[in-house]
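Using the sequences plus the hints, can you model the full thing?
Residues per chain, in single letters:
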Amino acid sequence: MLALAAAVDTAAAADAARGQELYESRCGGCHSLDANRVGPAHRGVYGRKAGSAPNFSYSTAVRNATVVWQERTLDAWLTNPQALIPGQRMNFRVALPEDRADIIAYLRQQSGQ
Amino acid sequence: MTRIDLRRRGLLSASGVTVLSASAVALLAGCEKMAAAQGSGASAANDVGILNTALALEYEAISAYQLGAQSGLLQKPVLDVAVLFQTHHKEHRDALIATIRKLGGTPVAAKSDAEVAQALNASMLKTQADVLRLAQRLEKGAANAYIGVIPSFGDRGLAQVSARLAADEAMHWTVLTQALKDPLPAKALSFGA
Chain A
1 MLALAAAVDT AAAADAARGQ ELYESRCGGC HSLDANRVGP AHRGVYGRKA
51 GSAPNFSYST AVRNATVVWQ ERTLDAWLTN PQALIPGQRM NFRVALPEDR
101 ADIIAYLRQQ SGQ
Chain B
1 MTRIDLRRRG LLSASGVTVL SASAVALLAG CEKMAAAQGS GASAANDVGI
51 LNTALALEYE AISAYQLGAQ SGLLQKPVLD VAVLFQTHHK EHRDALIATI
101 RKLGGTPVAA KSDAEVAQAL NASMLKTQAD VLRLAQRLEK GAANAYIGVI
151 PSFGDRGLAQ VSARLAADEA MHWTVLTQAL KDPLPAKALS FGA
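Residue numbers (this note's numbering), protein chains in the order written: chain A, 1 to 113; chain B, 1 to 193.
Because the hints were derived from the structure by calculation, they are not lab data. Beta carbons are placed, not taken as given, at the ideal position from N, Cα and C, and that holds for glycine. Accuracy of the hints is not assured; some may be wrong.
If the Cβ cut is set under 8 Å, some of the chain A residues that face chain B in the computed set are [stated by the list, open to error]:
(1) SER32
(2) ARG37
(3) VAL38
(4) PHE56
(5) GLN82
(6) ARG89
Just so you have them, the derived chain B footprint on chain A, three or more residues with Cβ under 8 Å [said to hold, decoys possible]:
(7) 42 to 49
(8) 102 to 111
Structure representation (structure tokens):
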């Protein structure tokens with residue numbers, strides 16, 4: 001219960017503007033909002049089923065996953081992608097909870113939610 | 001139109017025999033024992049997945065520098081630096097391909113320069129500074145990507161290789177930042193953050 005409350009607090013305090021800076025410096029090596037590159041395009045990712053960005057060639061694991069990207073699942077994904085979806089190909093981790101929260105806030109904003 | 005000489009270094013092919021560059025061989029020196037020891041398994045498969053993602057990133061960097069060089073926007077000596085950095089990325093590519101194969105994996109294929117140009121919105125590049133800004137952004141992203149996957153490697157030798165690759169990308173970022181006359185980071189630990 002305490003962990004859940006902490007997660008809600010982190011999400012409520014998230015800073016989408018800082019999340020944009022983090023997104024560009026940390027995620028921008030492989031991702032863009034509107035183009036599939038090394039990783040899939042991210043605009044609209046919040047609320048989308050994993051493995052469903054149009055025209056991106058996903059790993060079998062992500063394509064077959066039933067995960068829907070929202071606060072909790074994105075936090076788990078950025079903490080340790082392999083723990084959430086074994087067999088995925090990203091493997092990039094964001095260590096600090098506040099950084100993850102800000103990145104997620106930015107992705108949510110860019111998804112119109 | 002300037003062409004980057006694809007034969008300068010990196011993966012040299014003669015009579016169907018692939019020859020690794022000296023730096024690729026050096027990078028792999030600690031990995032041969034590792035590859036033999038690991039054999040198969042989920043950890044090795046995951047490491048191959050990380051290396052293949054890194055390979056896709058290196059392919060994109062090679063194409064980005066190719067696009068920059070062909071744009072006609074880069075003047076000497078900046079053009080020479082871009083060619084040198086592209087050579088570094090080709091050596092990274094070669095080392096990654098060799099390591100993936102040693103681990104029993106299949107290297108991913110590169111996208112075409114045209115596909116990369118579209119994804120990176122290269123048609124919007126109008127000046128030398130635009131090209132340098134794109135390269136600077138990609139180099140920082142690449143350095144951070146290599147740092148961010150370090151905890152996920154099952155093999156510590158490969159984690160060290162990832163750190164060495166990140167250091168090369170950080171060096172590229174620093175030179176590009178100087179060329180753009182941007183300020184250097186005021187605080188320490190600016191990468192991976």
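Structure-based check of each hint:
A least Cβ separation of about 7 Å between SER32(A) and chain B falls short of the 8 Å threshold, and the interface hint therefore holds. Hint status for ARG37(A): holds, given a least beta-carbon distance of 5 Å to chain B, under 8 Å. The interface hint given for VAL38(A) holds, since its Cβ lies 4 Å from the closest Cβ of chain B, which is under the 8 Å cut-off. About 11 Å separates the beta-carbon of PHE56(A) from the nearest beta-carbon of chain B, more than 8 Å, and the hint is not met.
Taking 8 Å as the C-beta contact cut-off toward chain B, the hint placing GLN82(A) at the interface holds, the least distance being around 6 Å. Because the smallest distance between the Cβ of ARG89(A) and any Cβ of chain B comes to about 5 Å, under 8 Å, the interface hint for this residue holds. Note: the segment 42 to 49 of chain A has 0 residues with beta-carbon separation from chain B under 8 Å; the three-residue rule is not met and the coverage is violated. Counting residues of the segment 102 to 111 of chain A whose beta-carbon sits less than 8 Å from any beta-carbon of chain B gives 0, not enough to reach three: the coverage restraint is violated.
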